[in-house]
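As they're listed, the protein sequences go chains A and B. With the numbering used here as the guide, the letters of the first sequence map in order to residues 1 to 750. With the numbering used here as the guide, the letters of the second sequence map in order to residues 1 to 296.
Honestly, I wouldn't trust all of these hints.
What the hints assert, rightly or not - Distance windows between CB atoms, simulated:
{"#": "1", "chain 1": "A", "residue 1": "V727", "chain 2": "B", "residue 2": "T192", "range": "22 to 32 Å"}
{"#": "2", "chain 1": "A", "residue 1": "Y357", "chain 2": "B", "residue 2": "T91", "range": "24 to 34 Å"}
{"#": "3", "chain 1": "A", "residue 1": "I628", "chain 2": "B", "residue 2": "Q162", "range": "38 to 48 Å"}
As the list claims (entries may be wrong) - Only pairs whose alpha carbons sit at most 20 Å apart, straight line, appear in this in silico SDA-like list of lysine to any residue:
{"#": "4", "chain 1": "A", "residue 1": "K379", "chain 2": "B", "residue 2": "Q162"}
{"#": "5", "chain 1": "A", "residue 1": "K379", "chain 2": "B", "residue 2": "Y60"}
{"#": "6", "chain 1": "B", "residue 1": "K199", "chain 2": "A", "residue 2": "Q521"}
Said to hold, decoys possible - Among chain A residues calculated to face chain B with C-beta under 7 Å, some are:
{"#": "7", "residue": "Q521"}
{"#": "8", "residue": "G525"}
{"#": "9", "residue": "M527"}
These aren't lab readings, by the way, just hints derived from the structure by calculation. Being a predicted model, the structure only gives us computed values, none of them experimental. Each residue gets a CB set at the ideal place from its N, CA and C atoms; glycine is no exception.
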Amino acid sequence: MRRCRYYNHRVFTFILLLSFLNISSLLCANDFTVSQSDTILSLEEITVTSIKQSFDTHATAATKLNAKDAERLNVSAAKSISEIAPNVYMPDYGSRITSSIYVRGMGTRIDQPVIGMNIDNIPVMDKNNYDFDIADVYRMEILRGPQSTLFGRNTMGGLINIYTLSPFQFQGIRLLAEYSSGNTYKVSASVYHKPSDKLGLSLTGHYYSSDGLFTNTHNGEKCDKEKQGGARFKIQWRPSRNLHIDNTFYFSILRQGGYPYESVDNGEIAYNDTCFYRRSTFNDGLTIKWIAPAFTLSSITSFQYIDDNMTLDQDFLPLSYFTLTQARKQHTITQDLIFKGKESSNYNWLAGAFAFYKHLDMNAPVTFKDYGIEQLIEKNRNEAIPDYPIAWDTREFLLSSRFTIPNYGLALYHQSSYKLNNFTFSAGIRLDYEHTALTYHSSCDTGYSTISASDGSTYSHTDVKINDTDKLSKSYLQILPKISVTYSFGAQNQSSAYLSAAKGYKAGGFNTQMFSDVLQQRIMGIMGLSKSYEIDEVVGYKPEQSWNFEAGIHWESNSSNIIADASIFYIDCNDQQLTRFPDGNTTGRIMTNAGHARSFGAEAAVRYSPVKNLMLNASYGYTNAKFISYNNGKQNFAGKYIPYSPANTIYAGISYSIPTNLKWLENITISASTRGAGEIYWDEENTISQAFYATAGASIRFENKNCSLDLWGQNLTDTDFKTFYFVSIGNKFLQRGKPRTLGATIRVKI
Amino acid sequence: MKHLKFLAFIALAIFMASCDDENTEKFNEKFTLKQSNKVTNLSKGSSSVYAAEYTYDIDYVDGTMDITASGVKFSPFMPAITFVINDVEFTYSDKGININASSIVPEVNGEAMAQYTFTKITGQITTKEEPTENVAFVEFILNNQYSIVAYPAPLVFDQESQVIVEQSSNDSYKYVNEETTCKIVVNEETSTADIYVNKAQFAIKMPAMNMLFKDVAITATENGFTLSNDSLTPFIIGDTGAETPMPNYPITELQGTIADDVLQLKFVCSINAQGSSVAGISYKVSANSCLFSVEK
Numbered sequence: 001m002r003r004c005r006y007y008n009h010r011v012f013t014f015i016l017l018l019s020f021l022n023i024s025s026l027l028c029a030n031d032f033t034v035s036q037s038d039t040i041l042s043l044e045e046i047t048v049t050s051i052k053q054s055f056d057t058h059a060t061a062a063t064k065l066n067a068k069d070a071e072r073l074n075v076s077a078a079k080s081i082s083e084i085a086p087n088v089y090m091p092d093y094g095s096r097i098t099s100s101i102y103v104r105g106m107g108t109r110i111d112q113p114v115i116g117m118n119i120d121n122i123p124v125m126d127k128n129n130y131d132f133d134i135a136d137v138y139r140m141e142i143l144r145g146p147q148s149t150l151f152g153r154n155t156m157g158g159l160i161n162i163y164t165l166s167p168f169q170f171q172g173i174r175l176l177a178e179y180s181s182g183n184t185y186k187v188s189a190s191v192y193h194k195p196s197d198k199l200g201l202s203l204t205g206h207y208y209s210s211d212g213l214f215t216n217t218h219n220g221e222k223c224d225k226e227k228q229g230g231a232r233f234k235i236q237w238r239p240s241r242n243l244h245i246d247n248t249f250y251f252s253i254l255r256q257g258g259y260p261y262e263s264v265d266n267g268e269i270a271y272n273d274t275c276f277y278r279r280s281t282f283n284d285g286l287t288i289k290w291i292a293p294a295f296t297l298s299s300i301t302s303f304q305y306i307d308d309n310m311t312l313d314q315d316f317l318p319l320s321y322f323t324l325t326q327a328r329k330q331h332t333i334t335q336d337l338i339f340k341g342k343e344s345s346n347y348n349w350l351a352g353a354f355a356f357y358k359h360l361d362m363n364a365p366v367t368f369k370d371y372g373i374e375q376l377i378e379k380n381r382n383e384a385i386p387d388y389p390i391a392w393d394t395r396e397f398l399l400s401s402r403f404t405i406p407n408y409g410l411a412l413y414h415q416s417s418y419k420l421n422n423f424t425f426s427a428g429i430r431l432d433y434e435h436t437a438l439t440y441h442s443s444c445d446t447g448y449s450t451i452s453a454s455d456g457s458t459y460s461h462t463d464v465k466i467n468d469t470d471k472l473s474k475s476y477l478q479i480l481p482k483i484s485v486t487y488s489f490g491a492q493n494q495s496s497a498y499l500s501a502a503k504g505y506k507a508g509g510f511n512t513q514m515f516s517d518v519l520q521q522r523i524m525g526i527m528g529l530s531k532s533y534e535i536d537e538v539v540g541y542k543p544e545q546s547w548n549f550e551a552g553i554h555w556e557s558n559s560s561n562i563i564a565d566a567s568i569f570y571i572d573c574n575d576q577q578l579t580r581f582p583d584g585n586t587t588g589r590i591m592t593n594a595g596h597a598r599s600f601g602a603e604a605a606v607r608y609s610p611v612k613n614l615m616l617n618a619s620y621g622y623t624n625a626k627f628i629s630y631n632n633g634k635q636n637f638a639g640k641y642i643p644y645s646p647a648n649t650i651y652a653g654i655s656y657s658i659p660t661n662l663k664w665l666e667n668i669t670i671s672a673s674t675r676g677a678g679e680i681y682w683d684e685e686n687t688i689s690q691a692f693y694a695t696a697g698a699s700i701r702f703e704n705k706n707c708s709l710d711l712w713g714q715n716l717t718d719t720d721f722k723t724f725y726f727v728s729i730g731n732k733f734l735q736r737g738k739p740r741t742l743g744a745t746i747r748v749k750i
Numbered sequence: 001m002k003h004l005k006f007l008a009f010i011a012l013a014i015f016m017a018s019c020d021d022e023n024t025e026k027f028n029e030k031f032t033l034k035q036s037n038k039v040t041n042l043s044k045g046s047s048s049v050y051a052a053e054y055t056y057d058i059d060y061v062d063g064t065m066d067i068t069a070s071g072v073k074f075s076p077f078m079p080a081i082t083f084v085i086n087d088v089e090f091t092y093s094d095k096g097i098n099i100n101a102s103s104i105v106p107e108v109n110g111e112a113m114a115q116y117t118f119t120k121i122t123g124q125i126t127t128k129e130e131p132t133e134n135v136a137f138v139e140f141i142l143n144n145q146y147s148i149v150a151y152p153a154p155l156v157f158d159q160e161s162q163v164i165v166e167q168s169s170n171d172s173y174k175y176v177n178e179e180t181t182c183k184i185v186v187n188e189e190t191s192t193a194d195i196y197v198n199k200a201q202f203a204i205k206m207p208a209m210n211m212l213f214k215d216v217a218i219t220a221t222e223n224g225f226t227l228s229n230d231s232l233t234p235f236i237i238g239d240t241g242a243e244t245p246m247p248n249y250p251i252t253e254l255q256g257t258i259a260d261d262v263l264q265l266k267f268v269c270s271i272n273a274q275g276s277s278v279a280g281i282s283y284k285v286s287a288n289s290c291l292f293s294v295e296k
């Protein structure tokens with residue numbers, strides 16, 4: 001009887017869902033251009049919304065996802081495309097502040113990113129703002145290889161372009177509701193309206209909540225719970241045929257636990273102090289495009305504000321060592337002016353000027369607690385001088401650090417291309433100047449007593465008073481050239497082969513996280529143990545520069561049912577910026593310019609639709625990235641693999657759509673995929689690594705013209721893999737990848 | 001292309017202007033330094049050390065300076081006197097000042113003392129941002145009877161430093177450190193010196209320590225000074241000057257010489273702290289350092 005009731009319950013649920021689909025099919029539909037089936041052959045449709053790149057993408061390795069791809073792969077944030085784009089790896093660890101991206105062996109975990117991001121042509125100027133959910137993604141492009149000529153700083157590895165749905169493309173209402181493992185749910189609602197042929201408006205809101213997947217065994221609570229919400233308001237106005245004005249305002253609020261780091265020794269996530277990440281951000285981007293007879297002038301203006309707070313139990317143990325807070329408020333203004341010549345059959349040109357100003361105020365206190373004082377200060381000191389041990393005045397004290405970092409940049413750029421028969425020759429150059437300054441104020445007010453061990457009397461008392469303030473500044477001037485030659489072939493010249501050489505650049509700056517170590521060394525200096533760091537030398541780091549040489553091919557069959565891309569590359573990187581933890585009982589990462597590194601590899605991707613309803617996708621990336629010379633003063637890492645970057649990335653997917661010929665259920669689409677990465681070394685010595693791993697995903701979609709229901713699973717084999725490794729105070733930690741996740745997503749278009 | 005040339009021109013103009021801004025020229029300078037006078041009776045070969053004060057009044061345009069020495073004694077029974085030697089010739093570079101004058105008659109209270117003649121006046125002055133931190137080393141001969149060497153006080157040996165550390169029980173152990181510096185504060189009355197050893201480090205994993213060796217015997221010789229102490233308890237010194245004794249790190253067999261501007265210092269440091277990872281090991285330390293950098 002019990003079994004019968006169970007099956008009756010499942011049948012009832014299924015009937016309910018089908019009824020829902022049937023009812024919604026009666027509602028009015030207003031499609032946008034993407035067709036329902038995964039067998040669409042228009043996956044490579046080119047949008048003209050990219051102002052700078054409409055003639056440049058052919059000489060670049062690029063992965064493009066349309067809205068259907070994004071839905072099928074559950075792509076709602078930049079991290080979701082990790083491994084789908086070959087040699088692009090965005091590990092999911094820590095919190096949403098950690099947007100570590102590795103492309104072709106190049107990357108970093110703090111400060112400047114190796115890859116830039118544009119959303120609706122607006123540059124996202126802070127890597128801490130890269131990881132957020134985006135509703136109604138219309139198109140996503142991942143360009144690999146330096147984009148520095150047109151986009152400047154921090155696009156040394158590539159560029160992610162995200163485009164959201166336009167009210168000119170779709171009018172109506174879009175709804176989404178999703179539930180998945182970890183009591184995770186997501187809802188979004190969008191309204192797209194076109195009051196006239198000249199005006200389009202859209203309003204999108206979304207909310208996400210998750211109880212988390214990982215448990216802190218110290219308190220029995222989930223440590224990676226999250227709540228996030230936001231809205232986007234877009235206005236698109238076409239007062240005339242020659243004038244386009246778009247404005248997008250976006251805000252989001254995030255409250256997240258995060259940091260599910262487990263100890264390598266016991267496999268447990270267990271820490272006693274609070275860890276969280278909170279972020280409020282709002283951006284406004286105004287794009288004005290004026291189409292004159294001989295040229296187009298575009299202006300892209302943005303204002304970006306971020307207010308975030310990262311607080312960590314820095315030792316990640318159930319012991320009171322110390323905690324760290326990093327609270328920031330940052331304002332950014334950008335202005336890009338682009339002149340583009342009218343597209344002609346032979347010569348095309350683009351020129352522009354870019355400027356930005358960022359102002360960051362940061363408060364980063366470190367609180368030393370009882371166990372940290374005992375183990376890191378008193379113990380070390382008293383073992384050295386046992387006859388006169390010290391006793392700290394209090395069992396908790398504050399190391400305060402405040403920073404003000406103004407940063408501005410100016411750039412001029414130009415790119416020309418000349419077409420001769422099937423060849424296109426392209427050359428570009430950018431002159432990029434940047435200035436950054438750091439004003440710091442570090443303070444501490446505490447003290448200790450020196451005891452005579454022989455009789456317990458106080459030998460002396462020493463005040464530990466620190467009140468340091470200073471200003472540092474740096475300026476950089478970069479010249480960033482790029483050349484390429486493309487040969488088009490095929491019945492409609494739909495295929496091309498290319499050679500390119502381009503210089504990339506990642507900005508220099510100041511590593512504020514080092515100040516907690518600097519202050520610690522100041523305290524040791526007061527105790528007679530000389531400081532190890534000179535602030536001026538260690539806090540600042542130089543720009544990273546690279547040369548990228550690449551050959552590739554885009555091939556599309558005449559019927560467009562096969563699209564393939566392949567490329568090989570060689571990257572030579574000087575002054576590579578690398579994060580490492582300093583030796584000894586300290587924590588907090590430091591940036592160093594690692595010397596000289598190189599990377600070579602290959603990438604391939606293919607989309608194949610042998611029959612109308614069947615789509616096969618696959619991509620593979622191989623990277624061999626090593627240090628040519630890197631000596632940190634104690635060890636020589638020449639010949640070692642660059643850490644945190646995978647040697648291989650792989651993705652494969654299959655999707656088959658079954659038409660049902662029912663009005664209320666037009667298609668059932670079954671999809672399966674696998675993605676993997678590895679081997680990934682976690683340290684410069686290459687002594688510890690994550691072997692190659694792969695995870696499997698699958699989904700089944702029931703859909704009609706107006707709505708769809710996806711039942712999906714990710715990491716179905718519950719593969720155990722690690723996404724991050726680090727050492728803190730001599731203790732080793734790893735973060736696990738997400739376990740098996742099951743979910744259901746309902747989408748409705750009205 | 002025109003735009004690029006214009007930008008390059010602007011950049012060059014800015015660069016050249018900034019170069020001009022950094023090139024400030026000195027015309028004159030005056031500062032007073034405490035110094036230790038080692039006076040050697042050339043006929044007897046005996047030396048003594050006395051505290052003194054020297055004022056340097058420098059005319060960079062003229063290439064001469066007036067040196068006023070006060071509190072100068074030539075013997076323990078003689079009262080201290082003040083004299084001035086005027087128009088001492090020197091040359092100047094970004095490395096510092098080199099003094100070289102052949103023969104000058106000093107003045108006392110504004111009157112030339114013809115019965116006294118200073119010859120072979122040589123020396124070096126390294127100027128710092130703070131004039132009170134300037135390092136001056138001057139020597140001259142008085143009437144071919146006395147040799148006077150005015151040492152900086154304190155003596156800061158922080159140039160061309162090299163410390164070689166070996167272990168008494170392990171012949172293969174050798175650690176070289178070029179960060180350690182020494183400061184020697186001479187007490188002329190007691191003929192002792194306090195030796196401050198900064199960033200002392202005997203092993204790569206040992207934290208650098210600021211150590212103080214108190215009351216080391218210092219003897220003036222014809223060539224300079226000698227330092228010696230059979231056994232002492234060092235102190236650890238914090239940035240605020242707080243001193244803590246370290247009886248578990250006894251210093252023995254301390255021997256040192258100061259000749260011209262070069263310090264050579266040797267000692268043995270034994271690690272008796274039971275909690276230390278290097279307990280029971282004795283380190284033989286040989287340190288060499290200079291008052292001035294090699295390029296004079």
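Checked hints:
no.	hint	result
1	V727/A x T192/B: 22 to 32 Å	48 Å, violated
2	Y357/A x T91/B: 24 to 34 Å	50 Å, violated
3	I628/A x Q162/B: 38 to 48 Å	31 Å, violated
4	K379/A x Q162/B	31 Å, violated
5	K379/A x Y60/B	55 Å, violated
6	K199/B x Q521/A	13 Å, holds
7	Q521	10 Å, violated
8	G525	5 Å, holds
9	M527	5 Å, holds
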